Every structure is written in structure tokens, then in C-alpha cells.
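Peer 1: Based on the provided sequences and hints, a complete structural model is requested.
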Amino acid sequence: MLHFTLLIGKEFELSCLSSDILEVGQEAFRFTWRLARGIISTDDEVFKPFRASSHFVKFESAQEYDSGTYRCDVQLLKNLRLVKRLYFGLRVLPPNLVNLNFHQSLTEDQKLVDEGLEVNLDDYSRPHHPPWKKKVAVALGIGIASGVAGGSPERFLGLLLAPVLLAVSALKLVLLEESSVLVSYSIQGPLSHD
Numbered sequence: 001m002l003h004f005t006l007l008i009g010k011e012f013e014l015s016c017l018s019s020d021i022l023e024v025g026q027e028a029f030r031f032t033w034r035l036a037r038g039i040i041s042t043d044d045e046v047f048k049p050f051r052a053s054s055h056f057v058k059f060e061s062a063q064e065y066d067s068g069t070y071r072c073d074v075q076l077l078k079n080l081r082l083v084k085r086l087y088f089g090l091r092v093l094p095p096n097l098v099n100l101n102f103h104q105s106l107t108e109d110q111k112l113v114d115e116g117l118e119v120n121l122d123d124y125s126r127p128h129h130p131p132w133k134k135k136v137a138v139a140l141g142i143g144i145a146s147g148v149a150g151g152s153p154e155r156f157l158g159l160l161l162a163p164v165l166l167a168v169s170a171l172k173l174v175l176l177e178e179s180s181v182l183v184s185y186s187i188q189g190p191l192s193h194d
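What the sequence shown shows, in the UniProt record's numbering, is residues 1 to 194, in sequence order.
Don't read these hints as lab results, they were simulated from the structure. Fair warning: there could be bad hints in the mix.
Lysine-lysine pairs mimicking DSS-like chemistry, simulated, CA-CA at most 25 Å apart [unchecked claim]: (1) K48 x K84; (2) K84 x K111; (3) K48 x K58; (4) K10 x K58.
None of these values were measured; they are calculated from a predicted model.
Peer 2: Shown next as C-alpha cells:
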């Protein structure tokens, strides 16, 4: 799926054309568009027919209402065999919602890569897991094992709930810390291609 983000009022076009279709000639194909309005999805059950029958969909002045997933089915006219299915995720945002300055949101290492310099990104290959997650998992495991070994259902339930309550408290603390951080998504110019 290709993802695009643009500001309200911008002109934009989605196209199903590719080099292989152009080699054969677009007149040999039928283009059918469907839309899952307001969501980004590849679940074919949520798509409804969309009014375009050409190889492209053009937005003269994109609006939030245009956000969603556009699906283009390309069929050979001679036998109506499906030869290609493309998904386009489109987000249309109001200009006051987000600062669309791509370079400003990059980390220092990302800026170096963006400028064409090599950076060792191996440090970022594994997801960061907060230390409290391991403690909660260990406490939960001990609680379950102790309850099973002790044999009493009441004791098992008590030992099971203690680490769960600890996990909930730790999660509240993390959520409180994360809620104080303002995240800014940015792109260069009127649209981005993720």
C-alpha cells in the first residue's frame, strides 16, 4: 500500500498506471476504483464502489472527507482477468493540526541519512522495551507459579492479581510520562509518500 498525506485544499492525483500497463497500452485495460472512506485498510469487505472509471482519481481541492483507502483493480478487457490491485492510503489534514516540516522532525542520525551520509543504525534495529515490562512479566510468572504450587484457588487468585495490579500501576506511570511528550509528524511540501 502506498500512503499519502496532504493538506486540505491541495490538488492531488492517484494513478494506477505503471510501466507494464503503459507497454501494453492503457486502452487494453479496465480500471475499477473502490473506496474505504475514513480508514486505512486492505480488508476488501469495507470497500464501496467509487465513481472513477479512468486510470486515475483527481482531487482538485482535497478535503478531510476524501481521506481513506482507495483501491484500484486493473483488468484485461479481453477476458476481464484481474492483473493488478493497488491500495492507496490517503490522509487529508487541516493545516492547523500538524506542522508539515519533514526535516524538522528528524533525529540527528536521520538528518545525516537524509543528506546521503552513512550512519550505523544497528542500535535502532531492536525495539526498546522499558525495564518495568520485564519486572512485570517476572512478577506475573512468579505469582502464577506460586498459586499453582500452593494449590489453594484463593491463594492462586491473590497471587495472580498482585502482579496484575503492579502492571497496571506501572502502565499508568508510563502513560503519564508519554502523555507529556508532544509528537510532531512532518513532511516536505504539500504531500508525503511513506
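Peer 1: Decide, hint by hint, whether the structure agrees.
Peer 2: Hint check results:
1. K48 x K84: Within the cut-off at roughly 18 Å; holds.
2. K84 x K111: Distance ~36 Å between K84 and K111 Cα, so the pair is violated.
3. K48 x K58: Holds, because 18 Å separates the two Cα atoms, which is no more than 25 Å.
4. K10 x K58: holds (11 Å)
In summary, the structure is inconsistent with hint 2 from the numbered list given earlier, while agreeing with all the others.
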